[in-house]
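Participant: Listed here are the chains, written in short residue letters.
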Amino acid sequence: MPVAITGVGAAAGSLRCEASDVADAWGTSARGRFAACAADEDTLTLAWQAAVRALEAAGSDPGSIDGLWWGTPTPPFGQGPSRAYLSATLRLPDTVVGAIVSGTDTCGVQALLAASDAIAAGRCSRALVVVSDDVLPGLGSRHEHRAGAAGSAFVLEAGDGPAILGAATTRLRPVLDRYRGSDEAATRDAYDGRLFREEVFVPSVVGAARALHEATPISAWSLPDPDGRLGRLIAKEVGAGEPPSAGPYAAFGDTGAAAPLLGAIAALGGGGTVGLVAYGGGETVTLTIDVNGAVPGADLLDAVTAEGRPASYATVLRARGQLSPAGEPVQMGVPPGGAGFVRGGAELLSLHGARCTDCGTVSTPPSVHPACTGCGGSSFEIVDLPRAGTVVTFVVNQTMPAPFEAPLPVVIADLVDGTRLQLQGLAGTAFQIDGGIELVLRRYARERGAPVYGYKAAPAATRGQG
Amino acid sequence: MWNQVAVVGAGLIRFGELFDRSYEQLAKQAFDAAVGSVDHGFDPALIDNVILSTQRGTLWGQEGIGGNTIPSAIGLNGVPCTRVENACPSGSDAFRIAAMTVASGVYDIALVIGVEKMRDKSAEEGLLARAASGHPIYNRGETAPVLFAPFATRHMHDFGTTREMLGAVAMKNRHNATLDPYAHFQQEIDLDRYLSSPLVCEPLHLLDCCPQTDGAAAMVLVRADRAKEFTDAPVYVAGFGVATDHPALHEKQSFVELPATVHAAKRAYAMAGVGPGDIDMAEVHDCFTITEILDIEDLGFVEKGKGGHATLAGETALDGRLPVNPSGGLIAKGHPIGATGVAQLTECYWQLRGEADDRQVATRNGFALQHNVGGRGSGVSVVNILTTNEG
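Taken in order, these protein sequences are the chains called P and S.
One point on numbering: in my numbering, the residue at position 387 of the first sequence is 387, and numbering is uninterrupted.
Here my numbering = 1-based position in the second sequence + 466.
Excised from the complex, chain P in its bound form (with noise of 0.2 Å):
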């Protein structure tokens, strides 16, 4: 049976910055510019965001979904609930089969594919995958400039549909090819690029789509590109010009395993045989799609491209903790292993509301709220609140110790549904009374070692009508 693509979605870190900034802190040189997170973001607002347009694109009920798969090498827990937050967040069934599959850069293109297996074999229906990356590069390793955040998201279904995944092949090499490593500071082994450039990368990836080529003819490519010159080399050995991979990879810089599937949606608006080459972990991967039609979401990517703010290396650093000030931080009064989080967790990543069965108003969070605040009732149902509306009143708040970062925008909206609620605007982005706002899944701390997550309003007119 086949499996079809029917629905796509991408999104990347909101800091964009110069490779030659960073290269300036070094006393080298660099080209091109890369996505990063900002302080409020990382593998599952990315992930969250990719997946949300994908469901849109695809038209698809979040409550449908019973498999959601999600490839990325850093996992907001190391071993913790990150599959169940993104899955309560995206507000799909408890009951959602899946895994996450981690470990090497070819990860996102293995969640894809053990997806669809588990559709073929029956074991789901339609599946969600999400892939997700945002390593934290070594000070002064040579990714550093390099390395970019970004997410990708596919639904997929049994049948027919503007995509059909077509076949795939493995290769391993038990290789140590550390070129994109996380954290890389504490691993401190000299790094041979010309070793790896010429034995390993070249002859690997060169040969799986050598391979793949012969046994399909490909007419559009997805290929690897991880310091900005291996990519057009790997083209012209295999005759691809200049792939559709190039695109994001030139907007975001390397985002790992997020790479090889941003490259394929850039590659799914028209027709033909789209081919991918993954490498990363001593594993080549290669899958080819069989493109029909349009895939819905993949026009969206250039908005996608041309979204984010510009940021210095400064900046870039601040937001991934690499450069704090000194002094304590002021503790958070309800700590995030603690029974707060237990009561509430699920109702603040769901966006949860309690509405008055008497009289309609809706009381958040549920879990602070046995009584109306319209009438004082105790008869309620949990609603799910809707992710856009307008703002009441705002402020913007300068003056705050250590880990807030000013200036930061407080909002309180009206939602569409008539729910009024306070929440953080995104940093960087203006207000007005009556202006419309989006809300979007953001990290409002990382808190005793613990990531904490929240809704943020953000402008509607940055991403669009919500």
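None of these hints come from the bench; they were simulated from the model.
Quantities reported herein were computed from a predicted structural model and do not represent experimental measurements.
C-beta atoms are modelled at their ideal positions from N, C-alpha and C, and glycine is treated no differently.
Check before you lean on any hint, since a few could be wrong.
Stated by the list, open to error - Covered by chain P, according to a simulated footprint, are these stretches of chain S (three or more residues, beta-carbon under 8 Å):
1. 598-609
2. 706-717
Stated by the list, open to error - Computed far set for chain P versus chain S, every beta-carbon distance over 12 Å:
3. G78
4. A84
5. I100
6. L136
7. A168
8. R210
9. A211
10. H213
11. G270
12. D290
13. R309
14. G333
15. P335
16. T361
17. A445
18. A460
Let chain P serve as the given structure and place chain S on it in line with the hints.
Facilitator: The following block gives chain S in isolation, referenced to the frame of chain P:
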């Protein structure tokens, strides 16, 4: 309440950053001032109940202040003492509760004392740390100005209130404080300095905000029929009101009104049998300039939306139609939270007795109003009305 409870003594210390004195020393000084102010003399042993107001023991390192802290510090070990903590109106609510313990007939003579140490910790470890308290998402980043600045944004949008109008509040209260020897700040500010002060929480700037202040204040309350034992000029408790409102900003119906103030004022006016037009002067909660504008509207002194215009026109100045915050208010006199309400009531007591020296206002009707509002969502308000009129 009329003529059941009388104030016969009141005192405070000069507010400021009192790094050189302890919490207990502040309390003792205010207590001595109040006791020493009683016209016919007063034996502290007569006190048979104490109500203490301290809102944030955490700001000076003692999380567990109990009712026993103050009796020991003021030399009255053993006396009944209860601590009241009710957000920014803690002091005014302590006064109300002390008055009720006398009005109930259980006690004849009560002491209300408010003490607060705001500056034993740095701002970052003290009041600003509340940015991380409360609900981990919906309150995150909510320092004190965030509670009031959204009202400024909306009031400016809806009524054309300007920064010059907010500045008129700041300049008036700074001026009044130059005439108040107990005030934290005793210098005038001009419009240029106001307008150029740095942003704290847009749209509020530094000179829109009250300072962090250490302070203490105390008052002696007695059964009204015994008042003349202590003074020939007692001031009576005419009425009070307390009201609450939802604690989250997103539970507010309006961002140009504080319903807790409206309802507390209605209850106080009804108990006192007076209206806003009968009030000679008021000490109101001006933690931020916008708060005073909201207050004078919500207390019924001016029409909704006209608070900024009225202030700019001088209606609330010392010689205006209804002087507001002759003491300098929270903005200039300071806001040692637990002591604030008691100190405001002390100013009302002095004004009604004609003892306010260069800042004395005309008291034609003999009624003074004191008001606080605060807490999350500005959800607690207390209004007390004092009078020199005998019922």
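Participant: Would you mind marking each hint as holding or not holding in the structure?
Facilitator: Consistency of the hints with the structure:
1. 598-609: holds (count 12)
2. 706-717: holds (count 5)
3. G78: 21 Å, holds
4. A84: 18 Å, holds
5. I100: 25 Å, holds
6. L136: 24 Å, holds
7. A168: For A168 (chain P), whose nearest Cβ neighbour in chain S is about 41 Å away, the distance exceeds 12 Å, so it holds.
8. R210: 52 Å, holds
9. A211: Correct as stated: the minimum Cβ-Cβ distance to chain S is 51 Å, above 12 Å.
10. H213: Holds: least Cβ distance 50 Å, greater than 12 Å.
11. G270: Its Cβ never comes within 12 Å of chain S, the nearest being 43 Å, so this holds.
12. D290: The assertion about D290 (chain P) holds, with a minimum of 44 Å to chain S.
13. R309: 19 Å, holds
14. G333: Since the minimum Cβ distance to chain S is about 4 Å, G333 (chain P) lies within 12 Å and the statement is violated.
15. P335: It is violated; P335 (chain P) is separated from chain S by about 9 Å at its closest Cβ, not greater than 12 Å.
16. T361: Non-interface label on T361 (chain P) violated, nearest chain S Cβ at 9 Å vs cutoff 12 Å.
17. A445: 7 Å, violated
18. A460: Label holds. Min Cβ-Cβ 19 Å, cutoff 12 Å.
The structure is inconsistent with the numbered hints 14, 15, 16, 17, although it conforms to all the rest.
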